[in-house]
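K.L.:
One letter stands for each residue in the lines below.
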Amino acid sequence: MSDTVAPTKPALFLGYAKIGLLGFGGVAAWARRVIVEERRWLSERDYAEVLGLGQILPGPNVGNAAVMIGRRFHGLAGALLATSGLYVGPLAILVALAVFYDLYGTTPGVAPFMQGVAAAAAGMVMGTALKMAGNLKPPIELVAVGVLALAAAAVLRLPLPLIVLVFAPLGVWLSLRRAWRAEAAK
Amino acid sequence: MSEESDLWALMTGFAAISLLSVGGGIAVLPEMHRLVVEQQGWMDSLGFAKRFALAQAAPGPNIMVVGLIGWEVAGLIGMFAAMLAMCGPTTLLAYGFFRLRASLGTALWLRVIERGMVPIAIGLIAASGVLLATGAAAGAGSTVATVLAAAITLGSTVFVWRTRRSPLWVLAAGAVLGASLLG
Chain A
1 MSDTVAPTKP ALFLGYAKIG LLGFGGVAAW ARRVIVEERR WLSERDYAEV LGLGQILPGP
61 NVGNAAVMIG RRFHGLAGAL LATSGLYVGP LAILVALAVF YDLYGTTPGV APFMQGVAAA
121 AAGMVMGTAL KMAGNLKPPI ELVAVGVLAL AAAAVLRLPL PLIVLVFAPL GVWLSLRRAW
181 RAEAAK
Chain B
1 MSEESDLWAL MTGFAAISLL SVGGGIAVLP EMHRLVVEQQ GWMDSLGFAK RFALAQAAPG
61 PNIMVVGLIG WEVAGLIGMF AAMLAMCGPT TLLAYGFFRL RASLGTALWL RVIERGMVPI
121 AIGLIAASGV LLATGAAAGA GSTVATVLAA AITLGSTVFV WRTRRSPLWV LAAGAVLGAS
181 LLG
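Chains as they are written, first to last, in my numbering: chain A, 1 to 186; chain B, 1 to 183.
These aren't lab readings, by the way, just hints derived from the structure by calculation. Glycine included, every Cβ here is placed at the ideal spot set by N, Cα and C.
Facing chain B, according to a computed beta carbon distance under 10 Å, are these residues of chain A, among others:
id, residue
1, R71
2, L76
3, Y87
4, M114
5, A121
6, G127
7, V145
8, G146
9, L150
10, A151
11, W173
12, S175
13, L176
Output of the computed footprint for chain A on chain B, the stretches with three or more beta carbons under 8 Å from beta carbons of chain A:
id, segment
14, 12-21
15, 29-41
16, 56-67
17, 122-134
18, 168-180
Anything over 12 Å on all C-beta distances counts as not near chain B; from chain A, calculated:
id, residue
19, T4
20, R32
21, E37
Next up, chain A with everything else stripped away, as it sits in the complex (with noise of 0.2 Å):
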């Protein structure tokens, strides 16, 4: 708990160019190890806490984190150097992955390859949303405010402030009403 080391700024902005750099499919598990196990920087508790914060914000949470930790310890330089290093790499990457889409993204020999990883991509997105609906095992009035969503995005193809604005309170309200039944049969 007490064994924590708060970073220096090369060490800040190295520790978060790690983590962009290895996180593959996914920030978030390479983020906690850095931050939590390899560099001690914060304690489990509390890096789950900042994590937290991270995803009641727009954005991505790992991206918020860093802002918040980098602040934490050394105020906007911080919060600048653990950004900068968050992206720094996949940037590089990202730039050579354009160059190769440039290239070769429309070439008769390519293009059915990259559609193959489109199509398995595609899955992979549905994959993680049944995933996470089996984790979460929401009540069945809550199943049935995702489908609409989706409906509403996939088939009708509202824009999104609407489908916010019309579902949120919704879900809300879905669940204000099943936590106050189970006060109330307490």
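Knowing the structure of chain A, use the given hints to seat chain B on it.
P.N.:
Chain B alone, transformed into the frame defined by chain A:
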């Protein structure tokens, strides 16, 4: 002129989307699709799905697809402009909110609200999957190829849903199957 207005549309569009991206980047993919394919016509649905898949091959937060879209619209400048628009506003927010910590993170009312919102986020992520799958299947040249693309998607869905193995396996399998059968 056109280049400049494209760049402007890119930045304002992604900045607006970023502020709605609560709970991770993939939930806002349908909105990106609306902006990029349906409203601006910067690429078709297949191009969008391919770029998303390619961005998955880059490490980093899963909003890196935004950079590839920016690249298509205005090259290297477009890539940085799009990433800045997607990350800048939320980074400022996080900077301002860093003091709000434990008390908020564990508050009961917040958990109740979250429980009501998360199913919507999951529904939106599923919608992203449907749109990407449609895009990937749409570009197939023949009926057989369309069915095959759909089969790859279905297999990958079940694999990611039912196993704990790295999703990179399905991307690799998709690449091999696509290269050998879709051509």
